[in-house]
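Chains as they are written, first to last, in the numbering used here: chain A, 24 to 427; chain B, 153 to 519.
Please keep in mind that the hints were generated in silico from the structure rather than gathered at the bench.
Since we're looking at a predicted model, the values are computed, not measured.
A couple of the hints might just be wrong.
[Unchecked claim] Pairs of lysine to aspartate or glutamate, EDC-like flavour, derived with a Cα cap of 16 angstroms:
1. B:K327 x B:E314
2. A:K115 x B:E457
3. B:K357 x B:E340
4. B:K234 x A:E384
5. B:K357 x B:E377
6. B:K332 x B:D283
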Amino acid sequence: MENHSIVIPTREKMFNMGPLLKPTLGNIITWIILSVGLVITVIRFTQGIGSVANLDDNQPWGMWIGFDLLCGVCLAAGGYFTTVACYVMGMKHFHSAARPAVLTAFLGYLFVVVALLYDLGHPLRLPFMFFFPGTTSVLFEVGLCVATYLTVLFVEFSVAPCEWLSNRFPCVLKWRTFVNKINILLTIFGMTLSTLHQSSLGSLYLICPGKLHPLWYSPFIPMFFFVSSMAAGASMVIMEGFFAHKGAHAYMDETHLRESDTVVLSFAKAASFILMAYFMLKFIDMLVQANFSYLFTGYGAWWLVEMFGFVLLPALLYAKGSRDGNVKLCQYASMNAVAGIVLNRFNICMIAFNYQLPSAERYFPSIWEVMISVFVVTMIVTAYRFIIYHMPILYEHPDFKDAH
Amino acid sequence: MNRRKFLTLLGSAGVVSALGNAATPSTAQASHVFPYYPESYGVLHDTTRCVGCRRCEEACNKVNALPAPDKPFDDLSVCNTKRRTSATQWTVVNKYEMNGKAVYRKLQCFHCQDPACASACFAKCFQKQPDGSVTYNGSQCVGCRYCMIACPFYAPGFEYNEAWDPLVKKCTFCKPRLDKGELPGCVEACPMEALTFGRRTDLIKVARARIADNPDKYLDYIYGEHDAGGTAWMVLAPANPKGPKIPPENPVLAGPELKQLGLDTHLGNQPMGELTYGALGAVPMIVAFWPVLFGGAYGMTKRREAMHKQAQEQTKREAREDVQAAVDAAVRKIQETEGEGAADRARKAMAEALKARESAGKHGEGA
Chain A
24 MENHSIVIPT
34 REKMFNMGPL
44 LKPTLGNIIT
54 WIILSVGLVI
64 TVIRFTQGIG
74 SVANLDDNQP
84 WGMWIGFDLL
94 CGVCLAAGGY
104 FTTVACYVMG
114 MKHFHSAARP
124 AVLTAFLGYL
134 FVVVALLYDL
144 GHPLRLPFMF
154 FFPGTTSVLF
164 EVGLCVATYL
174 TVLFVEFSVA
184 PCEWLSNRFP
194 CVLKWRTFVN
204 KINILLTIFG
214 MTLSTLHQSS
224 LGSLYLICPG
234 KLHPLWYSPF
244 IPMFFFVSSM
254 AAGASMVIME
264 GFFAHKGAHA
274 YMDETHLRES
284 DTVVLSFAKA
294 ASFILMAYFM
304 LKFIDMLVQA
314 NFSYLFTGYG
324 AWWLVEMFGF
334 VLLPALLYAK
344 GSRDGNVKLC
354 QYASMNAVAG
364 IVLNRFNICM
374 IAFNYQLPSA
384 ERYFPSIWEV
394 MISVFVVTMI
404 VTAYRFIIYH
414 MPILYEHPDF
424 KDAH
Chain B
153 MNRRKFLTLL
163 GSAGVVSALG
173 NAATPSTAQA
183 SHVFPYYPES
193 YGVLHDTTRC
203 VGCRRCEEAC
213 NKVNALPAPD
223 KPFDDLSVCN
233 TKRRTSATQW
243 TVVNKYEMNG
253 KAVYRKLQCF
263 HCQDPACASA
273 CFAKCFQKQP
283 DGSVTYNGSQ
293 CVGCRYCMIA
303 CPFYAPGFEY
313 NEAWDPLVKK
323 CTFCKPRLDK
333 GELPGCVEAC
343 PMEALTFGRR
353 TDLIKVARAR
363 IADNPDKYLD
373 YIYGEHDAGG
383 TAWMVLAPAN
393 PKGPKIPPEN
403 PVLAGPELKQ
413 LGLDTHLGNQ
423 PMGELTYGAL
433 GAVPMIVAFW
443 PVLFGGAYGM
453 TKRREAMHKQ
463 AQEQTKREAR
473 EDVQAAVDAA
483 VRKIQETEGE
493 GAADRARKAM
503 AEALKARESA
513 GKHGEGA
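Use the sequences and the hints to build the structure in full.
Right, dumping it as structure tokens:
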């Protein structure tokens with residue numbers, strides 16, 4: 024067996040902090056980013072948003088919403104994508120990919136909420152939306168779905184910490200059994216919630232047709248967000264797998280290693296089809312909205328770069344990669360696709376937003392805003408590392424082989 | 153007419169009247185009158201009368217106790233740079249170049265009939281009041297600033313530099329003064345009567361009368377009568393003296409004229425919030441249908457797995473029966489030709505061989 028070297032926490036040794044505390048280059052960079060982030064956090068919450076951000080009255084949503092929220096939620100779509108494929112569609116050979124995908128989705132959503140607190144003027148009042156529900160607001164739907172889905176993801180994910188903690192607290196196993204019983208309900212509920220809020224992140228922009236460039240504004244923008252989130256989900260599973268293999272190979276068991284190439288190739292095939300469909304949707308929409316003449320402007324060129332370089336190109340690379348069984352090419356394509364999703368969200372939130380304003384009144388994020396986003400990503404990576412060093416994510420716990 | 157026939161007639165009459173009732177609100181909705189307060193107030197801003205004196209800005213600053221500006225209000229050079237409203241300036245006057253002539257326009261919250269900010273707010277901070285003002289309750293504001301994204305007029309400002317209680321700030325229509333029976337500060341201060349306060353329905357009549365009396369002076373378009381679903385504050389713009397006459401109320405042809413004044417005529421006649429109602433309306437559909445769809449997919453997966461398993465077992469059983477039949481036939485043949493003893497040996501040997509094969513197969517599966 025190849026998993027003999029996996030450090031499985033026992034009753035005597037619950038913690039395995041070694042890999043996080045060793046002074047390697049990666050860890051040192053992590054510590055620096057986390058300390059800088061903490062300092063900016065203190066400044067942000069004692070001096071106000073204006074002290075760190077370049078946000079202004081024309082651009083109330085910038086880097087934090089554009090990257091941390093729009094991209095964060097979209098890139099966490101791997102959770103619903105993988106669980107639906109595995110549990111609902113019965114593709115059992117994706118089983119080893121389900122737990123890592125649920126974990127990244129849970130962390131993704133958790134830190135979306137954390138990052139949101141930086142952007143809100145009154146972060147402590149976030150629950151007010153439940154006390155004074157503004158039901159006509161798309162943002163209300165987003166908030167409600169994200170809050171509910173975060174709970175669902177927490178429950179789905181909770182079996183892993185249960186298996187870890189059962190050494191000391193055997194009572195948590197009752198919870199684990201319960202969650203395993205309702206797993207399919209959680210998956211379907213999660214799918215429903217994801218469909219709703221992935222699309223409503225796009226619907227947020229339906230209300231401002233005068234501000235968003237016509238090439239990106241469309242009555243179908245909710246559909247574009249949802250379809251692209253599926254591609255993002257598949258791509259993120261491939262990309263995360265790539266990085267996990269780089270950094271946490273020792274924590275993967277035989278099943279995970281055996282299935283990982285199949286997962287990459289199957290997800291690449293799915294992503295290829297979805298990206299093709301997305302390309303066609305966007306292209307037809309451009310024609311139907313009579314936006315063809317905009318293609319010959321600067322924004323049109325930029326739109327074409329997005330569509331051909333970051334939607335069609337990864338779709339073709341995925342197609343070739345999955346057809347040839349070329350895992351490396353699929354991994355490259357996944358990075359191209361993820362970059363494309365980020366570019367699309369940046370375009371909608373920042374680059375094509377307020378396109379009519381003179382450039383002097385346009386927004387560019389400050390270095391501190393970017394640092395907060397980097398800080399949030401680093402927190403996700405650190406939390407992910409802590410969890411895979413302690414809990415059975417990339418391997419099956421020998422005591423709990425019944426998980427499926 | 154017997155009793156039954158009478159009841160039938162009565163019944164169908166009831167259905168017809170119910171249909172009639174159902175049809176009435178939908179036609180009313182089509183003209184976008186909700187929430188429509190017929191007695192609500194508005195202000196008509198006649199840009200042909202405005203001279204850019206900034207008295208309105210000064211009055212606004214005073215009556216709302218806003219912080220003192222960097223440059224004094226009598227410094228008129230400020231108008232030359234394009235400004236927008238902000239948390240500390242709830243109204244500003246900008247100078248625009250319109251067909252080669254300087255035209256001043258006052259910017260403030262338009263107090264929409266069905267405001268985008270109110271539709272967008274997820275904590276219900278904004279409300280259209282019966283007097284026409286759009287009010288904001290900061291005590292429940294989360295500070296998400298979606299109202300500012302939604303506002304098509306770039307009106308609300310946010311206190312970015314306030315750490316503990318940052319709020320959205322915008323023109324209140326001087327709601328506290330209206331409640332006391334006073335005019336809004338800016339309207340009272342205007343020396344040119346460029347701002348006319350009144351019931352919105354009356355203001356539209358006033359505006360029409362002005363256009364009719366001076367067709368060469370005014371562009372035949374009341375900005376805000378229908379734009380973005382209608383606004384309480386409306387704008388009259390000067391006509392282009394050299395250009396062709398623009399037909400009345402034509403947003404497409406009036407567009408390039410009003411664009412020079414920084415006014416967007418492409419917002420449509422529907423309230424901005426309505427653009428999102430289709431997407432929001434799909435929510436219950438998805439909530440109702442997705443569990444059925446995916447539950448069905450799950451059911452099909454389960455069924456397929458069960459059938460697959462059953463078929464596999466069937467194949468196995470048949471194979472086992474085939475082997476057994478072949479063994480029996482072979483043994484019978486041996487019994488016929490070579491006698492009872494040989495048959496027993498053959499049966500035993502075959503049984504052992506099958507057992508050995510089975511256990512080897514099991515071992516192979518287990519590995």
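Open item on the list: Between the alpha carbons of B:K357 and B:E377, is the straight-line distance 16 angstroms or under?
Closed with: 11 angstroms, holds
- [ ] Assess, step by step, whether the Cα of B:K327 is no farther than 16 angstroms from the Cα of B:E314, and give holds or violated.
- [x] 24 angstroms, violated
Task: Hinted pair B:K357 and B:E340, Cα distance within 16 angstroms - done: Given that 16 angstroms is the threshold and the Cα spacing comes to 21 angstroms, the pair is violated.
TODO: Take a quick look at whether A:K115 and B:E457 sit within 16 angstroms of each other, Cα to Cα.
DONE: 11 angstroms, holds
Task: Hinted pair B:K332 and B:D283, Cα distance within 16 angstroms - done: 12 angstroms, holds
- [ ] Starting from B:K234, check that the Cα of A:E384 is at most 16 angstroms away, please.
- [x] With a Cα-Cα distance of about 10 angstroms, the restraint between B:K234 and A:E384 holds, given a limit of 16 angstroms.
When each numbered hint is compared with the structure, violations occur for hints 1, 3.
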